[in-house]
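From just these sequences and the hints, can you work out the full model?
What follows is the residue order along each chain.
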Amino acid sequence: MRFVDEYRDPDLARALSAKISTLAEPGRHYKLMEVCGGHTHAIYRFGVHDFLPETVELVHGPGCPVCVIPMGRVDDGMAIAERNPDVILTCFGDMMRVPGSNGSFLDGNARGADIRMVYSPLDALRIARQNPDRQVIFYAIGFETTAPSTALTLVRAKREGITNFSVFCNHVTIIPAIKAILDSPDLRLDAFVGPGHVSTVIGCRPYEFIPRDHGKPLVCAGFEPLDVLQAIEMIMRQLADGRAEVENQYARIVPWDGNRQALATMADVFELRPYFEWRGLGFISHSALKLSQRYADFDTELRYDVPGVRVADPKSCQCGEVLKGVLKPWECKVFGTACTPETPIGTCMVSSEGACAAYYNYGRYAKKRLPLHV
Amino acid sequence: MCLGIPGQVIEFFDETDQLAKVEVTGVKRNINVGLVRDEGLEIGDWVLIHVGFAMSIIDEDEASTAMEGLQLLGEQFDTEVEEIAASRIE
Ligand code: SF4
Chain A
1 MRFVDEYRDP
11 DLARALSAKI
21 STLAEPGRHY
31 KLMEVCGGHT
41 HAIYRFGVHD
51 FLPETVELVH
61 GPGCPVCVIP
71 MGRVDDGMAI
81 AERNPDVILT
91 CFGDMMRVPG
101 SNGSFLDGNA
111 RGADIRMVYS
121 PLDALRIARQ
131 NPDRQVIFYA
141 IGFETTAPST
151 ALTLVRAKRE
161 GITNFSVFCN
171 HVTIIPAIKA
181 ILDSPDLRLD
191 AFVGPGHVST
201 VIGCRPYEFI
211 PRDHGKPLVC
221 AGFEPLDVLQ
231 AIEMIMRQLA
241 DGRAEVENQY
251 ARIVPWDGNR
261 QALATMADVF
271 ELRPYFEWRG
281 LGFISHSALK
291 LSQRYADFDT
301 ELRYDVPGVR
311 VADPKSCQCG
321 EVLKGVLKPW
331 ECKVFGTACT
341 PETPIGTCMV
351 SSEGACAAYY
361 NYGRYAKKRL
371 PLHV
Chain B
1 MCLGIPGQVI
11 EFFDETDQLA
21 KVEVTGVKRN
31 INVGLVRDEG
41 LEIGDWVLIH
51 VGFAMSIIDE
61 DEASTAMEGL
71 QLLGEQFDTE
81 VEEIAASRIE
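The listed protein sequences derive, respectively, from chains A and B. Residues in the first sequence are numbered from 1 upward in steps of one, following the numbering used here. Residues in the second sequence are numbered from 1 upward in steps of one, following the numbering used here.
Note that these hints are calculated values from the structure, not bench results. Predicted, not measured: the structure shown is a model, and the values here were computed from it. Incorrect hints may appear among the rest.
What the hints assert, rightly or not - Derived list of chain B stretches under chain A, where covered just means 3 residues or more per stretch with a C-beta under 8 angstroms from a C-beta of chain A: (1) 38 to 52; (2) 62 to 71; (3) 75 to 88.
Stated by the list, open to error - Once the Cα atoms are required to be at most 30 angstroms apart in a straight line, the calculated BS3-like pairs of lysine-lysine come out as: (4) A:K179 to A:K216; (5) B:K28 to A:K31; (6) A:K315 to A:K216; (7) B:K21 to A:K19; (8) A:K19 to A:K31; (9) A:K333 to A:K315.
Claimed, not checked - Simulated restraints, written as ranges between beta carbons of each label pair: (10) A:E245 to B:D59: 25 to 31 angstroms; (11) B:E75 to A:G308: 32 to 38 angstroms; (12) B:G26 to A:D268: 35 to 41 angstroms.
Ideal Cβ placement from N, Cα and C applies to all residues, glycine included.
The structure is reproduced here in structure tokens:
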């Protein structure tokens, strides 16, 4: 019972669990996708599954920024860093271990490249200021949670006239990924647990097409296990009532209209790419950002020769199926044997928000846990 | 990267670049508050920080709830704190 003890309010957790069970129609199987990797992590960490009846299944979605970076883009970053000795490539910590076809950025460093981990794009800008004789590149990744940070950093770089700084932009947007999932024939979903922090930026409105065009509910949720349980209860209530709406469980943080300042800055600094490759999901149109004309001087892809070669995932890797929610992590043939957090073959094993890493770290023990009596 | 960590605003020290000093788990670090400044951010307020930027203003209860939740995540939380501690935004 150690898991239930860790809930802030175990009684509330039990009550929500009981309500969810009552709302589940006998004989019906429910598939709910949590879009965001932060939720996947919390779900495994806190054993949220144990509070759900067996007929309510949680399917992990594509919302882990590290997981969706395709091999080719890792190789591009590596090529720029290895071919240009004056380059300092900077990226978030999780990105350092993502395997490309020539190894990860850590392997690149062992071969003599200068690839550094930063906490913030503003740290990358500081490194540029401190190293005027070097070229500093920020390898930007993430959904709308981190894209405004990159945008504001570029606004500042431009204002200060910093010329030895550029951004290799891999920012992706969540809505086209959800559309791709909805159009995928392999998967029948009943509803979505919507991402929390992406929604602080984009708000709830962009999800309205999901109930309108697809008849499926979406509830934006926070990251506490109780938030996730409550969002599931709200979804199950909608399904029981025959409703499909966008609801906001995380209204204490997520404004319905998003963050206007963030959206305006992003609109100034970025424009949509016609298409972008997502690991496992293939090319999705209008699903990623590049620097706008106004910021072209800061675009790494315009400054350097970028190989831009599409690289197929290793044969044994089934991250694509995991990212679409078609396979569970443990159904991948190399899970936990050839592919572990120490020696990842696929991206889902690298970031703690990846479904494979989350399941590897916590989920394996779930099967040993006693059923929870509520 | 995506979870966000709560910090308390101690001082605004750069209006042009909208930088503020915040305290996060006992360490004082600089962050950008440009995305929430219009919402009336004041000294003593709590914000949710992602990669060096305040993304939302939160109340104190939310901050402590979020912090408890993060601490339970263990290793991932430790990594986030180490990364913030290594940050030197100016
Ligand atoms: S176990 Fe490894 S290779 Fe298989 S899906 Fe997960 S991350 Fe990808």
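How the hints compare with the structure:
Look at the segment 38 to 52 of chain B against chain A: 5 of its residues bring a Cβ nearer than 8 angstroms to a Cβ of that chain, three or more, so the hint holds. Note: the segment 62 to 71 of chain B has 5 residues with beta-carbon separation from chain A under 8 angstroms; the three-residue rule is met and the coverage holds. Here the segment 75 to 88 of chain B counts 8 residues with a CB under 8 angstroms from a CB of chain A, which clears the bar of 3, and the coverage holds. Restraint check: the Cα-Cα separation between K179 (chain A) and K216 (chain A) comes to about 12 angstroms, which is no more than 30 angstroms; the hinted pair holds.
Restraint check for K28 (chain B) and K31 (chain A): not satisfied, since their Cα atoms lie roughly 44 angstroms apart, outside the 30 angstroms limit. A hinted pair counts as satisfied when its Cα atoms are at most 30 angstroms apart, and K315 (chain A) with K216 (chain A) does not qualify at roughly 34 angstroms. Taken as a hint, the K21 (chain B) and K19 (chain A) pair is broken in the structure, with Cα atoms around 44 angstroms apart against an allowance of 30 angstroms. Simply put, K19 (chain A) and K31 (chain A) have alpha-carbon atoms about 17 angstroms apart, close enough for the 30 angstroms limit, and the pair holds.
Using a Cα cut-off of 30 angstroms, the hinted pair K333 (chain A) and K315 (chain A) holds, with the two alpha carbons roughly 11 angstroms apart. Checked against the given bound of 25 to 31 angstroms, the beta carbons of E245 (chain A) and D59 (chain B), roughly 27 angstroms apart, stay inside it. Between E75 (chain B) and G308 (chain A) the beta carbons are some 35 angstroms apart, a value that agrees with the proposed interval 32 to 38 angstroms. The hinted range of 35 to 41 angstroms is satisfied by G26 (chain B) and D268 (chain A), whose Cβ atoms lie roughly 36 angstroms apart.
In this structure, the earlier hints numbered 5, 6 and 7 are contradicted, and the remaining ones agree with it.
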